[in-house]
Amino acid sequence: MRVRRAMPRKSNSEGVPKPQQPVESHVSDSASSGPAPTEPALPERIVTAMPDAELFDDENDMSWLTKLMPSRIRTEGKGDPSGKGKVPEGLWEKCEGCGAVLYGPELERNLQVCPKCGHHHPIAARKRLTALFDEGPTEELFALLEPVDALKFKDSKTYKARIAIAQKNTGEKDALIAMQGKLKAQPLIAVAFEFAYMGGSMGSVVGEKFTLAAERALEQRAPFVCFSATGGARMQEGLFSLMQMAKTSAAIARLRRAGVPFISVLTDPTTGGVSASLGMLGDINIGEPKALIGFAGPRVIEQTVRETLPEGFQRSEFLVEHGAIDLIVDRRDMRDRLAALTALLMRQPRVA
Amino acid sequence: MNPNFLDFEQPIAELDAKIAELRAASHGQAFNIDEEVGKLQDKLKRKTADIFRNLTSWQVAQLARHPARPYTLDYIQAICEEFVELAGDRAYADDAAIVGGLGRIDGRSVVIIGHQKGRDTKTKIKRNFGMPRPEGYRKALRLMQLAERFKLPILTFIDTPGAYPGVGAEERGQSEAIARNLLEMSELKVPILCTVIGEGGSGGALAIGVGDVTNMLQYSTYSVISPEGCASILWKSADKAKDAAEALGLTAPRLLELGLIDKVLREPLGGAHRDPRNMAIRLKAVLLNQLDELEKIDAVALLDRRYKRLRKYGALRAA
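One line per chain: the protein sequences are Z and D, in this order. Note that the numbering used here has the first sequence beginning at 350, numbered continuously upward. Note that the numbering used here has the second sequence beginning at 4, numbered continuously upward.
Hints listed in this document are in silico derivations from the structure and should not be mistaken for laboratory results. You may find that some hints are simply not true.
Among the chain Z residues that face chain D by a calculated CB cut under 8 Å, a handful are [unchecked claim]:
1) 460
2) 476
3) 482
4) 490
5) 493
6) 494
7) 557
8) 589
9) 593
10) 596
11) 601
12) 602
13) 622
14) 630
15) 645
Stretch-level coverage of chain Z by chain D, calculated; a stretch enters the list once three of its residues show a Cβ under 8 Å from a Cβ in chain D [said to hold, decoys possible]:
16) 667-673
17) 684-694
With a straight-line cut-off of 30 Å between C-alpha atoms, the simulated DSSO-like cross-links for lysine-lysine are [claimed, not checked]:
18) D/287 <-> D/154
19) D/266 <-> D/50
20) D/287 <-> D/129
21) D/315 <-> Z/509
22) D/239 <-> Z/506
23) D/50 <-> D/245
24) Z/517 <-> D/315
25) Z/503 <-> D/243
26) Z/517 <-> D/239
Here the structure is a predicted model, which is why all the values come from computation and not from measurement. Using N, Cα and C, we set each Cβ at its ideal position, and we do this for glycine too.
Only chain D is shown next, with the shape it has when bound in the complex (with noise of 0.2 Å):
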């Protein structure tokens, strides 16, 4: 079994190593091998098809956190000219789990702030596994804040199993730290464009998710608990975690159509990790767009509207 593919994946996998195993054969050989590999890669795009056609909820949330699926600085690497990143909180550290800078993209400069995870061990142990500490939401509050005096917009990508429940974290005011991002995004007077490009987990992820679109991928998730956390707690057992993800509705056209995001942007064929060019140019026309509509309204109006968005948030009744 490759590991770098999930369970479900593993059809995918195979026939991946085959086409591989066939180039390189043939290489240098005079055959042609075209034909072979073409048929190969109609096979491979049918039973990719057949795979993604109807996911569980539990095979998306695998997805969400797939180890190839792109990462804030993948996508910030894709979609911008220039990127410059700025570190620090201003007040204790540097937290790894988020990034954040100020960036170019399509001329136009932007802040961008995200949570990043590693890819090998060494890095993920750096990024925190992408669980913030209060100085990586302290950090993104700081360039928001930034964002807002020199008048540039802010994109932000969530991608964090949640907020790191630590001891240090506590002692340092986690649950301060990300309120205070909830309270003051709601009046940044500049657009702020959301979009889940992996994990949408909790707290940890709101805290940069307050704004004026909230996006996401396919076959990202957006949660207030992990299936995982659920499924320990009302199930008491963490093996119902599948159960625990269908009943989340942690999906992006259940959310959609909960009404709770503005937009699902989909993904290649496979997932954003078997195509990242391609869905990062999918992600940079959709924020182009949206930076277009968003920059026309004027800022008493923008957090006027702003305001209306979280205000409607709710299913309830009166007696």
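With the rest of the complex left out, here is chain Z (with noise of 0.2 Å):
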């Protein structure tokens, strides 16, 4: 954790730039013209964050990025909270994996996984969807559902005004995007989880809009996929949001009694009520290397038994050595396998 604190702010090398403020190569000129948002860490974000950030705090590593770091660089992340700080925020990232340090927009051409040691950072939905489709038109589905708050849900925060966070800070209605497009000149519908709005959460909308867009791959008879990026079900949501784990079942269990192909994709991490309902039914189940993928969160677990669990416990790698997942699949690879994967299940030609 100190080491990432050290670094040029964090919420923006998770790949959610605001939409309207692509980060291309933009970088300098959006963060010289404007001040950097004052609005204070996602609490979302920091509980949620990676589980084992524990992981890459390593003294020896410190001293070795202080030594690396130019130390304009360096102060920006001490947080000036008057945003005028002159660097570019997210121009260079540290990587999570081998602790290289990266150059903001060229890992993000290279879909956020570290062109050294091949880690995957996480990405955006709406990013992971248009790096999926063929380029040429693509139609965002169910785009205008809407969360409520029907309990009046109240903790140290409405949940009206968690929402309303989140709308702000991701630019999405809600943690699921949904599309429709061509994918190696084939039809495909695909939804992605957006893990900075709420933890990936699944509600009503997340689970409506999912089970609308399974509903349409039905009738329009294509492949269907899901990326999660998704701490489980939303609490605030209480009861409706259980629910939706047997309603996307269901939609499932509809697709597979058709035989329209459905490919769960789990990406870091992949927990909880989504875990347990329409993560776990693919036709073809993929992880994303070193994704945490389980039921319960490695913290629960340890409470519960008491000990330390062991090194990649619940890890892609672990999943596939059990028996619970297919394959893991690099994320720069993820539109071949996937053309490749559907094309026989539907018995098309190879394809290109």
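If you follow the hints, you should be able to join the two separate chains into one complex; please do so.
Below, the structure written as structure tokens:
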């Protein structure tokens, strides 16, 4: 954690810039022209942040990094609440896998995968889907669905306030994006969880959008792909959230009966109610490298069994070994592999 | 303080004790104590009614896990003329946290599946506090598929804090076991009647809770997360479980109001544990009624109806 705080603000490295602010080559411009957001870091983000952050909390790493990093970038991470820092945010990123310092735009071009060690950093749902489909027209589906606070839920904040913050920070209405387009010239419907939106939690909108997308896939007999990145069901919607597990699973049952492929891609992290419903129900289950995938989170298990979990427990590689997922696919190969798999399942000719 | 009573039940415990004492003292003697006992019993009734008139959600959550509350096997024994328990998932083990088997209720064959908790330390451990592992859910699915093959309706009794979060459970695919049940239950061609009798703990409860009707006993709960779990995540303190219980809306009347369940079964005065026999009689009557209704529907229409039912769950709007 210390290392990461010494770095340019993490919130920009996770690939969730506001949609109207492309990070691409405009990074320096946008950062120098406008003040950095004064909004304090998202609490949800911190709570649910990579559970293994301590793995990278290494003093040696730190000194190595401080030597390497230009001082002007280092100071930026200390947080300049006035937002007057001159240093562009997110221009340099430290790889969470190998510690290499990476040029932000290059990392982004590489789909947030470290070119040195292959570590998969989080990627925004919208970017993931854009990267998946062929260039050309894609249509966003069911974009108008919005959450409501049926329970008038309130903890330290009201659910309404949490929705407002999440919407502002991600630019999304809720935590699932659905799109329809072509993958290597074949029709495809895909959905992706936005982890930056309340930990990618599944409430009524997520469940409904997933179900509608599955029903659309069924109607068009188009393969259906889901990228999950989520902590599970959304507590603030109470039993409504739990019932989304049943609803989405029933929709998948219909696809199954009709022989329309459903491929579930589990990314870091996928736990709780999503893993225990739509996540594990793919005709093919794919994991991204080293993604945390499980029913209970590691901390809950540690508290229950009162022992430290072995290295690699609940990671994709562990799941392949234990027979829970079919294969691991590198994000950079995802397009090719998904196209090949769906073509095989649909008895279509080999894709180029 | 009597440990078999919750703190807000202590006045009930005291009156209970007084009545018992009076009876013991008068044993074999010629005094007529009926009048005195009658008075105390009236008082007990009034007191119980008072206490139960305005229970908080947190008190209901405690009643749902009351140590004396009837469990699945208690109800099975009370409502079935015959019951043969069937064990094992045919792949790995028998999980004692879920029981299931063939039963006869009012002359008809059914398959009954439910979570099972233990009463004393030994049985609590054997039953893993009602927290199933994947083999429990797989046993449940195996029995449900057996029911489908022989065209027997399925009754499920839900009473679990949740699926077990352990190392072995993860290794053997806890997520997949739950997910698979949700998927398969949505398409089983026989009526499925689900009743929450105690704790409806999240995915571990839902994994035997997808069907054609969802009943809840009056003082049972059904929730996406336990009040304690919710409090420790959102309030950063398990002490706020009381607030979390309120916020989660996990009581039967509230869930009925929200359209998330179909029926609330009234419990005897003071809760099911004060009169388990009476509770079982009511439960049996309701289930038989519902069975009659559901068995009139042919399989295709039944599945269509079930999908529509699942399909409508959600609270959202289109901008």
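Outcome of the hint check:
no. : hint            : result
1   : 460             : violated (26 Å)
2   : 476             : violated (23 Å)
3   : 482             : violated (24 Å)
4   : 490             : violated (12 Å)
5   : 493             : holds (5 Å)
6   : 494             : holds (6 Å)
7   : 557             : holds (5 Å)
8   : 589             : holds (5 Å)
9   : 593             : holds (7 Å)
10  : 596             : holds (5 Å)
11  : 601             : holds (6 Å)
12  : 602             : holds (5 Å)
13  : 622             : holds (5 Å)
14  : 630             : holds (5 Å)
15  : 645             : holds (3 Å)
16  : 667-673         : holds (count 3)
17  : 684-694         : violated (count 0)
18  : D/287 <-> D/154 : holds (20 Å)
19  : D/266 <-> D/50  : holds (27 Å)
20  : D/287 <-> D/129 : holds (28 Å)
21  : D/315 <-> Z/509 : holds (23 Å)
22  : D/239 <-> Z/506 : holds (13 Å)
23  : D/50 <-> D/245  : holds (23 Å)
24  : Z/517 <-> D/315 : holds (29 Å)
25  : Z/503 <-> D/243 : holds (12 Å)
26  : Z/517 <-> D/239 : holds (24 Å)
Of the numbered hints stated above, those contradicted by the structure are hints 1, 2, 3, 4, 17, listed in ascending order.
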